[in-house]
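*Asks:* Here are the chains, one letter per residue:
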Amino acid sequence: MMHPAEIEYMAENEIIQIVPTFNHASHVHLICGSYGPFRAGLPLNVPIWVALNLRQKKTCRILAPDWMAVDKLQERLEEEKASKFFTQLPTNFYLEITQMLLTVASEDIPQGNDIKTAVKDLWDLRIAKLRSSVDLFVKEGRVQASLNHLTPMEINSVRPIFPDTLDALMTLHEHINSSDDREDSSQSSVATPSSSTSFSLSL
Amino acid sequence: MYCDKVIELLKELERSREDTIPPYNNDGINHVLSEMKTLDAEIIDLLRTQKDNLPLDAIRLRRAAIERNKRCLLTYIWTRIQRLKEMRWEIGAILPSDVRQNLSQSEIEWFNNYCKTLVSYMKTIGPDTGLNLTQDTKPPKSLYTEVRSLVDAGKLELESGEVLILRKNSQYMLSRSQAEPLIRQGVLEQVRQ
Amino acid sequence: MYRNIKPHYFSIDAIMAAQEKIQCSFIKKVECVDFLDSFNPEKDDEESDPKIELPLWMIQVFLAGKSIQFDMPKAYNEIYRDVLTADANVVDLFKLCKHFYLFGKFLSQLEHREAYEVRRTLIQTFIDRFKQTMDWAQNIDDNLPCFNRLDCLERLIFNDARVAQQHLNTYLTEGSGQMEIAAMILNYRKRKMHESRVLE
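Note that the protein sequences, when read in sequence, are chains H, G and P. So the first sequence is numbered by the UniProt record's numbering: it starts at 1 and just counts up by one. So the second sequence is numbered by the UniProt record's numbering: it starts at 1 and just counts up by one. So the third sequence is numbered by the UniProt record's numbering: it starts at 1 and just counts up by one.
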C-alpha cells in the first residue's frame, strides 16, 4: 500500500506552465530534464515541484492546466456518469495536482473552490464505480478484470482491501494446514482452480 | 487439559495492544516447558511398558500436544519480536523504559543486535556516509522546517556545529533530517503551514 | 510488521481457531489418557455415550485413529447455515464464533457428512458480507458497533481498509509534508496520562 503523499510525489513530476517574474538565461539541468531559459513574463514548462518552489518564493505565477476549469470538469463528470466504464482523464493525477496547486497558488487559479468541488465530485463518482466493480468481482468469483484508465490514487484506495480479500477467499477455497506439524504444510496446499485467481490491471 | 497454559500465554499477548509488549512471562514459559518434558517422558514410558498393545491414541495425543506447545511458544516469542522490530522503525533505538523492563534478557540482546545490524547495513548504502532508511519515510517537501519545542529539551547540537537550547513553546528553524526523529519522539512538533 | 491474512505457523488466529471446542463422543475406548477415562463408550447403547467438549486439534488426533465422532458446532449446523444463506449481513458473526471462518474452514476439512455444506456456506457468507465490511471501513465515524460484529478475519481486512481511508482523509484535509509524532509514543503518553489520572 502506498501513502497518498508518495503518490503526490509522483504527481510532482508532471509538467505544468508557469510565468516567471525573473530572468535566467541558461538552462537549469535537473535529473528529470533541462528547463529554461526563464524570461520574465514568458510562459515555460517545468515540473510541478519546480513550479511550487518558485511560487512559494513568489518568483512566478502558475498557469492552471487546461482541464482545470469548472466547465471542462463538468463535461468530464457528465461523460463519467454516462459511461459504464472508467473514462480516460487528461491526467493520471487530477486529485493531487488540484490539491497541490490550490494549496500553494490559489490566487493564480480562478474559481478555486468550484474547481475543488468539481474534482471531488469526479473522484467520488469514480470511487463509487470502482467499489461496486470490486464487489461485483468478488461476488461473481471472477478471475480477471480489466480496469482501464484508473489513476494511481484510485487504485490505491482499494489496494489494501483487495489482495487481502482474495487471500481470504483463497484460504476458504483451498486445503489449509491447521495442525501443528510444520512439515505437513508443503503437502497440504492442494491447489484448487480458485487458487490460480489472478487479477490484472491494464493501465 | 494439555496446552491450556500455553494458550493462556498467547491470550496475554492478544489482550495487549499491538503497539505495546507485555511483561515476558518467564514462569508461564517454564511451566509449558516442563509440561512438554512430562509428556515426552510419558510417551517413552508408554512405549516401554505397553510394548505389546500400544495405546496409539494416547501416544498421538501427547505428541500432538508437544508439537502444539512448541508452536505456541515459538509464536509467543515471534510475535513479541515482531513488535520489537516495529518499534525500532517507529521510535528508534531508545525504547521507552516501561517497554524495556518488560523484555527478557535475550530479547534485549536481540534488540541490540538488530540495531547494530540495521546501522551497519545503512552505512553500506550509497557511496560515502550511507543512508538512514528510517528517515523521510514519506517524501519530504522542504529541506528546512519550522518546529515548536514541546518540552525543555536542553541542548541540541546542529549539523553546523552550533548549539541550540530547546525551550518549551519556543519556535526554531531546523533541517528536516534533524527535526524528524525529534518530532517522532514527541520532543518537537512541526508548525503547520 | 509481518502481515499475512492467510493462516501460517505463527498465526495466533489460526492457533486460537484450532482451540475452539467441539462436542464429541468416543466410539472406541481410549486408554492411558486420564482426563478421558469417564468418557469412554458404553458397549450396548450408542445414544447414551457420554459427550465431552474437546478442542479441534485433539479431535483431529482422535479422528486419525477413528476413535471419535463429533457434532457440527452450533454456528455451522443446518439452522445457522440457513440463517446465513438468507441474509448473512444481519448476523453478528463475532458473537456466533470469534474465528468463524478459520474454525469453520478447519471443521470443513474434517471427516463429517456436512463438511461440504459448511465449506460452501463459509465462502458464500464471506462474499455476501464483503461489501458491507468495505463500506463500514470507508465511513470512519463511529463504526465501533459495526466492527464488533465482524469475525477476526473480516476485522483484519476492515482495519487495513480503515487505515488507508484515514491516510486519504488526512491527505485531503491537511495535505502532505506534515511530520507526525509516532503513533506508538502518542498512545504510550495517553496511557500514562490515563494511569496517572486513575492514581489520583
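Treat the hints loosely; a few may be bogus.
Facing chain G, a subset of chain H residues (Cβ under 10 Å, in silico) [as the list claims (entries may be wrong)]: (1) Y9; (2) E14; (3) N53; (4) T59; (5) D71; (6) E75; (7) L77; (8) P90; (9) N92.
For the record, the hints were derived by calculation from the structure and aren't laboratory data. Just so you know, these numbers come straight off a predicted model, no measurement behind them. Here a beta-carbon is modelled for each residue, glycine too, at the ideal position from N, C-alpha and C.
*Asks:* Against each hint, give a clear statement of whether it holds in the structure.
*Replies:* Hints and how they fare:
Contact between Y9 of chain H and chain G, as hinted, is supported at the beta carbon level, the nearest pair being about 4 Å apart and thus within 10 Å. The beta carbon of E14 of chain H is not positioned within 10 Å of any beta carbon in chain G (closest approach about 15 Å), and the interface hint is therefore violated. Given hint, N53 of chain H at the interface with chain G, holds; its Cβ is 9 Å from that chain's nearest Cβ, closer than 10 Å. For T59 of chain H, the shortest C-beta to C-beta distance to chain G is roughly 16 Å, which exceeds 10 Å, and the interface hint is violated.
Proximity of D71 of chain H to chain G is violated relative to the hint, the smallest CB-CB distance being about 32 Å (cut-off 10 Å). Restraint check, E75 of chain H versus chain G: the minimum CB separation of about 32 Å is more than 10 Å; hint violated. Annotation: L77 of chain H was flagged as interfacial toward chain G, and the flag is violated, the nearest CB pair being 30 Å apart, outside 10 Å. Hint status for P90 of chain H: violated, given a least beta-carbon distance of 24 Å to chain G, over 10 Å.
Violation of the interface hint for N92 of chain H is found here, the shortest Cβ-Cβ separation to chain G being roughly 17 Å, above the 10 Å cut-off.
This entry does not satisfy hints 2, 4, 5, 6, 7, 8 and 9, going by the numbered hints stated previously.
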